[in-house]
Every structure is written in structure tokens, then in C-alpha cells.
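J.: Quick note: the sequence shown uses our numbering, first residue 1, plus one each step.
Hints listed in this document are in silico derivations from the structure and should not be mistaken for laboratory results. No experiment lies behind these values; they were computed from the predicted model shown. Mixed in with the good hints, there may be bad ones.
[To be verified] Derived lysine to aspartate or glutamate pairs resembling DMTMM-like cross-links, with alpha carbons at most 20 Å apart:
1) Lys-56 to Glu-90
2) Lys-111 to Glu-132
3) Lys-118 to Glu-135
[To be verified] Pairwise CB distance ranges, derived in the manner of DEER restraints:
4) Val-50 to Ala-114: 36 to 44 Å
5) Arg-86 to Trp-117: 20 to 28 Å
6) Asn-142 to Arg-119: 24 to 32 Å
All C-beta atoms in this analysis are idealised placements derived from N, C-alpha and C, irrespective of residue type, glycine included.
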Amino acid sequence: MTSHDNQNVTSERGAQLDEGQTRIEIFTDGSCIGNPGHGGWGSVTLRKTVAGEIIKSRDAFGYDLSTTNNRMELTAVCATLEKLGRVTDEPITVFCDANLIPNSMNSWLAKWKANGWKRSGGKAVENRDLWERLENAAAGRNITWEWVRGHNGSEHNERADRLAYAAARRAEKKLSTR
1 MTSHDNQNVT
11 SERGAQLDEG
21 QTRIEIFTDG
31 SCIGNPGHGG
41 WGSVTLRKTV
51 AGEIIKSRDA
61 FGYDLSTTNN
71 RMELTAVCAT
81 LEKLGRVTDE
91 PITVFCDANL
101 IPNSMNSWLA
111 KWKANGWKRS
121 GGKAVENRDL
131 WERLENAAAG
141 RNITWEWVRG
151 HNGSEHNERA
161 DRLAYAAARR
171 AEKKLSTR
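Starting from the given sequences, assemble the full structure and let the hints guide the process.
T.: Listed below in C-alpha cells is the structure:
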């Protein structure tokens, strides 16, 4: 997997903060050309003041030559939270255009674990390795998980989408040169 950091962006929402505090907003997306197929993930991370001013932004992306869209969605969040490190106690809001991640982190994950990593119908939870990785990356953090409608004017979600698609195309090129 490859990742790249970049700078530039803005945002609209976040947690209530005291004067002088900052918050982090993360927008993530995954893309797959063929599902399964070669895929990419992208994220936009913003550190903002209480007034909403962007202090720092970072774009990141990566790819996998053989994957699924859901794995790329999950990898985007895992890799981005891991990149933050453990030193931050800032409130974090993670925005995903796939309901799977907010629903899972807000409700389903605890049920899956209690049921021995089985869904309500008795089938095994897919991508357990990444759910465990995400649970570990999220542990001890103040995270709000939010769904954002994809391709609906959210500047940062659309940027994450473009990064994910470009990464998937990069994987496609890598495959074609083998």
C-alpha cells in the first residue's frame, strides 16, 4: 500500500469547543474498479479552531491491487486514524459516505463482538481484520461517526472521493505494467 500527504481544504461542521481548543474532521472514501478488483482509498483530514478556521489539512491515499470497495472504505478510516497517532485528545468527527462505517461503529460493532463476530443472521462478519484494526485505532478517542451523502456538494467528501478513485486508477496502471 502507498500513501501520500498533501495540503489544502476547508469544512463546515464539528463538535462544541472551548476557546482555544481545536477539533479534527476526517472525510474518507473508498473506490474499487471491479468489486472485487483493484481499489483505492482517500482521506482529507482537517484540524480546525473553535471558530472553524483551518489550521492544517492533510490529504492521504493508498491502494491495493486486489480488494473490495468495503475494504477500501475501512482502510481509509483505519490508516487516517493511525496516522494521527495517539497524542491527540481533540474531538474527532469522521465523515463517511458509506453508512456501513457509522452504523457499525455507533451500533453494530458491539453486537458483532457479543455474538462472536457473527451478524444477526448468523453469518460471519466480513472484513473482521479491518473492523478489529478500526476498533483499535478508535480506542480511547473522542470520535463522532457521521454519514455524509456522497456526490452531493460536500467539498471534502468529494475530495476524498477523487483521491480514492485516483488511487484505484494507480493500482490499475500498476497491474497493467506487470
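J.: Mind checking the alpha carbons of Lys-56 and Glu-90 for me, to see if they're no more than 20 Å apart?
T.: 14 Å, holds
J.: Run the distance test for Lys-118 versus Glu-135: straight-line Cα separation, threshold 20 Å.
T.: 16 Å, holds
J.: Within 24 to 32 Å: is that where the Cβ-Cβ distance between Asn-142 and Arg-119 falls?
T.: At 28 Å between Cβs, range holds.
J.: Is it true that the CA of Lys-111 sits at most 20 Å from the CA of Glu-132?
T.: 13 Å, holds
J.: Check the following: the C-beta atoms of Val-50 and Ala-114 are separated by a distance inside 36 to 44 Å.
T.: 38 Å, holds
J.: Could one say that the CB atoms of Arg-86 and Trp-117 fall in the range 20 to 28 Å?
T.: 25 Å, holds
In terms of the numbered hints stated before, the structure departs from none.
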